[in-house]
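Student: Assemble the whole structure, with the sequences as input and the hints as a guide.
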Amino acid sequence: MVRIRVLEEGIERHFLAGEIPGFAHLSIGQEAVAAGTCAALRRDDFIASTHRGHGHTLAKGAAMRPMVAELFARSTGLCKGKGGSMHIADFSVGMLGANGVVAGGFGLVAGAALSATLRGTDQVALCFFGDGAANRGPFHENLNLAAIWSLPAIFVLENNRYASTTSTAETMKIDDVARRADGYGMPWAIVDGFDASAVHAAVTQAVARARSGGGPTFVECKTFRARGHFIGDPERYRSKAEVAAYAADDPIARARAALGAALPEDEYERICREAREEFADALAFARASSPPEAAEAFRGAYVGDRDPATPHGAFAAAEARAFVARAQ
Amino acid sequence: MPAEITMPKLGLTMTTGTIVRWLKAPGDRIAVGDPLLEVSTDKISYEVESPVGGTLTEALGAEGEEFAPGAVIGLVSDENSVPSYEAHATPIAALELEAGAESGGHARPAPERTPSSPAARRLARELNVELNGVEGSGPGGRVTLSDVAGAAPAAPATTSAPSAAEPAPAPLPDALPPQLPATRRVIFRRMSAVAALPLAQVETTAHVDALHALIQRRGDVGWTAFVVFAVARLLLDYPVLRTDARTGAPHPTCDVGVAADTTHGLVVPVVRDAATRSLRGIQDEIARLAGSAREGRLAPGDVGEAAFTVSNVGPQGIERVVPLVDPPQTAILGVGAAGRRPAVVALPGSREDAVVPAWSITLVLSFDHRFIDGAPAARFLAALSTALTDPGILL
Amino acid sequence: MSRTLSFSEATLEAMREEMRRDPAVFLMGEDIAKQGGIFGQFKGLPEEFGLARVRDTPISEAALVGAGVGAALTGTRPVVDMHFADFITCAMDEVVNQAAKLRYMFGEQCAVPLTLRAPDGIVKSAAAQHSQSLEAWFLHVPGLEVVVPSGPRQAKGLLKSAIRSDNPTLYFEHKALFAEKGEVPDDADYTLPLGKAEVVGDGRDVAIVTYGITVGRALHAARELAGEGIGARVVDLQTIWPLDYAAIADAAAATHRVVVAHEAVRIGGVAGEVAAFLAEHCFDDLDAPVVRLGAAHVPVPFAPGLQEAIYPKAPDIAAVCRDLVRKVR
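Protein chains in written order, with this note's numbering: chain A, 897 to 1224; chain B, 293 to 687; chain C, 845 to 1173.
No lab work stands behind these hints: they were computed from the structure.
C-beta: ideal position from N, C-alpha, C; glycine also.
It is possible that some hints are incorrect.
To be verified - Restraint-style ranges between C-beta atoms, simulated for each label pair:
| id | chain 1 | residue 1 | chain 2 | residue 2 | range |
| --- | --- | --- | --- | --- | --- |
| 1 | A | 1104 | C | 887 | 54 to 62 Å |
| 2 | C | 1097 | A | 988 | 44 to 52 Å |
| 3 | A | 1214 | B | 438 | 31 to 39 Å |
| 4 | A | 957 | C | 1010 | 48 to 56 Å |
What the hints assert, rightly or not - Every beta carbon over 12 Å from chain C, so not counted as near; a handful from chain B, in silico:
| id | residue |
| --- | --- |
| 5 | 317 |
| 6 | 330 |
| 7 | 338 |
| 8 | 440 |
| 9 | 525 |
| 10 | 594 |
| 11 | 632 |
| 12 | 644 |
Claimed, not checked - Looking from chain C toward chain A, a few residues come up when the C-beta cut is under 8 Å (computed):
| id | residue |
| --- | --- |
| 13 | 902 |
| 14 | 904 |
| 15 | 910 |
| 16 | 915 |
| 17 | 947 |
| 18 | 949 |
| 19 | 950 |
| 20 | 951 |
| 21 | 954 |
| 22 | 1039 |
| 23 | 1042 |
| 24 | 1043 |
| 25 | 1159 |
Tutor: Have a look at this one:
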């Protein structure tokens, strides 16, 4: 959680300093969900994430250097600078990408779970999503599909009460989204999203169910996003008082309190320091890396498009050549 | 309007300048700033440059002639201007007539864009075919690939009517000289083909005192009109002179082409059915065609399909021209300038002949010996000479 | 050696061969396992491969395609049947924003070896929402492959290649072609390469560039034209993307007159891409305007007379060819 916090605060600083292009969506305040969930997963399990995916990516096992490099649009980024914050991914640790389309991850997780059953492995697939996604079609279709096919899937809702600028109070008739899982015949749990242990316990149970062929589980984590929807969000949809009230409840503080003597002060300091050093190192790495070459823009859409002997490759090569010719 | 080339004022005390030599000739394409001629005073030599781009239409001063500063010594037409016909020998001569090459059927009235397909344009470029000269068989007159391919060899006898004569092979190399202006390309090709024809000439000098006096007195018709008038009526009597090389039979009507020089090159507008027109009618028609030619407004019906052509170099003051036949015509008449020349006459009351100045013009009849023999050609020419000598015969 | 198969049988044969060849290939869609597909194109597959590999899904196109993408990302090779191409619209995000883009966005960390089968086209008064040809939409989305077979042989060869392709491939199979019979080689592994057109005939007067069901109509027109002394060659594109631009250019160079025809709506159709390419890159080969033939810009009507009026058939293709050759246009 500390690493996520340090990473997110660092991204915030450098985005505001103009070093990060595009959009960035911070998960400060929601660290317990990412940390608690991913701690319950194996490296070869799958997750699909949202536009607010930095915490999930780090928690699943991605390294900070290529993450920061990706946000800084460098060729050394996880996605070679072609994805950015909203499409950050690390398939080597089973992270099937942050998705810029709300509810885009449901199908990917259902499919990954299906794939595991077809291939005969005991991998599970887990979908992070927000309260906004719960109102989109794929939420319903994939929950239903996962239930009827007993797919080894877990659906983890980070209910931070706001979908961009609209609150759950105005977008749903119910307070607990998990009740919708009943509609699909799927077991569900509701946990305090500020409590990493609680999240971890619930997800562990869901994972066990999935791995043993018991089918999917819906886990709703009640949480709060301490910052705006995106960096630079003027947050006109909620009051400063509301933000302050929730921000007072910090998942890291809660964990420290819960651990008590098990986490001595100097140990905590060491964790923080190491996290800061890790980020500083990642920052330096990103700054020292070069942006992708312009000709790279024309390749990578198709398997085979780096081989001029294939139709895709021939076309991509021609486009790149034309670009180079124009640029001169 | 054409730009005037004037004798420059080369110094305060200059009274006259002499044309040393022309660096360009009439018909040459000129770019702005091109040197046109060299002039000199007693003090300096100087190259006169063209103020416009276009074509040198007139080189009015001859080499060695002197002109005062400001005198017009040449004319350069710019691309869109029309030819100037002022200040020439014949008072009513509206038409510049030029010896030699004729353009035949397809002098287009205006340099408007020929609709053509991209493939046709490419082939035309490759084969150096002038698109303007190609008949388009596509919709709206679009020139298509096959049209260009058909026009490419530029054999003058383009139709496929059964004919005793084979199309003349082109003995000269077909390769166009690379810097040949576009306007000359069609003519180049046509002449390359004509060179193979067995052309012969007969020639005579007609004594035209009477005709000269008549023209002076009337003031409303010119030499060309008279010649065309006479030629048209004689063509009725001598149909072999209007043989169509495509068919081997005489052209049905006496359509007489009159060669003319324009800024777009040689054109040959045709006086249709000249044998049915009066002298005045022929003059009017020549004037109308000249006006159209000047303004680039010749209609397709105004050119092509002539039975015979008249080429008059009189306006240039040239006494004799041996013109080339323009296939599928088989004969052409070259007319020289009417001038006072020594003539041998018998003086009344004297046994000795005298040499007196008399008006005469030289007539040369060129003909395609595949269709016309020397004797009929000679008879035709003799009849023409007689008619011009004694115009009362015609009128 | 070859035998006669229907288009439907040819695709079935392709599915069977590919599912035998690669255990990662599986099939899912609406009404396929029990019914065997409305054209019989999946008959016998559940019996041979089991219901795990041949799955009926609920009517959930977004989940169907989304799960297809997810499964393709994670080590399997799904074939997803859309039932009717018109229903791809219910899964457009999954096709356009997910399947087409993940490989590129993620810096080539993954591939999406997904095949989407989509029966399309005008047939038997199926009317507006069951008769569309939407391949032009997907030509316009980088990251997708688009394949349109014109007969049984091509159906088999192209489907096998589509399944084997590691890229997301849309396979549009015309509903009216399913019953059509044709010669299919006995070759146990008959594939046709994606991105290559097939030229039928060597006519030098006009080329008809086309694909799918219109190929047969063009061939019919070509036979009729041959009887009038007009040589028409037919270029069957087979793949819409990657497009065989070289074949199109060759046809223009050989004939100088090109007609581009498809059953899909003419406005904004694939013919526009072909015509623009000809104008840009084959300009000097053209002796006549490039003419496009396609359906009218209306939804497909129900009444048979109305339905038949709106799309190009053999006589329409022949008439245009005739006009071009006779220089009427």
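Student: The structure should be examined with respect to each hint, and the outcome stated for every one.
Tutor: Results of checking the hints against the structure:
Checked against the hint of 54 to 62 Å, the C-beta distance between residue 1104 of chain A and residue 887 of chain C comes to roughly 41 Å, which is inconsistent with it. Distance hint for residue 1097 of chain C and residue 988 of chain A: a CB-CB separation of about 49 Å, consistent with the stated range 44 to 52 Å. Evaluation of the 31 to 39 Å hint for residue 1214 of chain A and residue 438 of chain B yields a pass: the beta carbon distance comes to about 34 Å. Residue 957 of chain A and residue 1010 of chain C have their C-beta atoms about 26 Å apart, which leaves the hinted 48 to 56 Å range violated.
For residue 317 of chain B, the condition that its CB be more than 12 Å from all CB atoms of chain C holds, with the nearest at approximately 36 Å. The Cβ of residue 330 of chain B lies farther than 12 Å from every Cβ of chain C, with a closest approach of about 45 Å, so its non-interface assignment holds. Every CB of chain C lies more than 12 Å from the CB of residue 338 of chain B, the least distance being 48 Å, so the non-interface label holds. Under the 12 Å C-beta cut-off, the non-interface status given to residue 440 of chain B relative to chain C is violated; the minimum distance is some 10 Å.
No beta-carbon of chain C is positioned within 12 Å of the beta-carbon of residue 525 of chain B; the least distance is around 44 Å. Here residue 594 of chain B stays apart from chain C, with its beta-carbon at least about 26 Å from theirs, past the 12 Å limit. Taking the minimum C-beta to C-beta distance to chain C, about 59 Å, the non-interface status of residue 632 of chain B holds against the 12 Å cut. Every CB of chain C lies more than 12 Å from the CB of residue 644 of chain B, the least distance being 75 Å, so the non-interface label holds.
Evaluation of the residue 902 of chain C hint against chain A yields a held restraint, the C-beta minimum of about 6 Å falling below 8 Å. Hint status for residue 904 of chain C: holds, given a least beta-carbon distance of 4 Å to chain A, under 8 Å. With its C-beta approaching chain A no nearer than about 1 Å, residue 910 of chain C sits inside the 8 Å limit, and its interface hint holds. Here the hint on residue 915 of chain C is kept, as its CB sits about 4 Å from the closest CB of chain A, short of 8 Å.
This hint holds: residue 947 of chain C has a C-beta 7 Å from the nearest C-beta of chain A, less than the 8 Å allowed. Because the beta carbon of residue 949 of chain C sits about 4 Å from the nearest beta carbon in chain A, less than 8 Å, this interface hint is met. Given hint, residue 950 of chain C at the interface with chain A, holds; its Cβ is 4 Å from that chain's nearest Cβ, closer than 8 Å. A least Cβ separation of about 4 Å between residue 951 of chain C and chain A falls short of the 8 Å threshold, and the interface hint therefore holds.
A hinted interface residue such as residue 954 of chain C counts as satisfied when its beta carbon comes closer than 8 Å to some beta carbon of chain A; here the least separation is about 5 Å, so the hint holds. The closest approach between the C-beta of residue 1039 of chain C and any C-beta of chain A is roughly 3 Å, which is under the 8 Å cut-off, so the hint is satisfied. Contact between residue 1042 of chain C and chain A, as hinted, is not supported at the beta carbon level, the nearest pair being about 15 Å apart and thus beyond 8 Å. Hint on residue 1043 of chain C is violated. Least Cβ distance to chain A is approximately 17 Å, over the 8 Å limit.
Proximity of residue 1159 of chain C to chain A is violated relative to the hint, the smallest CB-CB distance being about 34 Å (cut-off 8 Å).
Checked against the numbered hints given earlier, the structure breaks hints 1, 4, 8, 23, 24 and 25 and satisfies all the rest.
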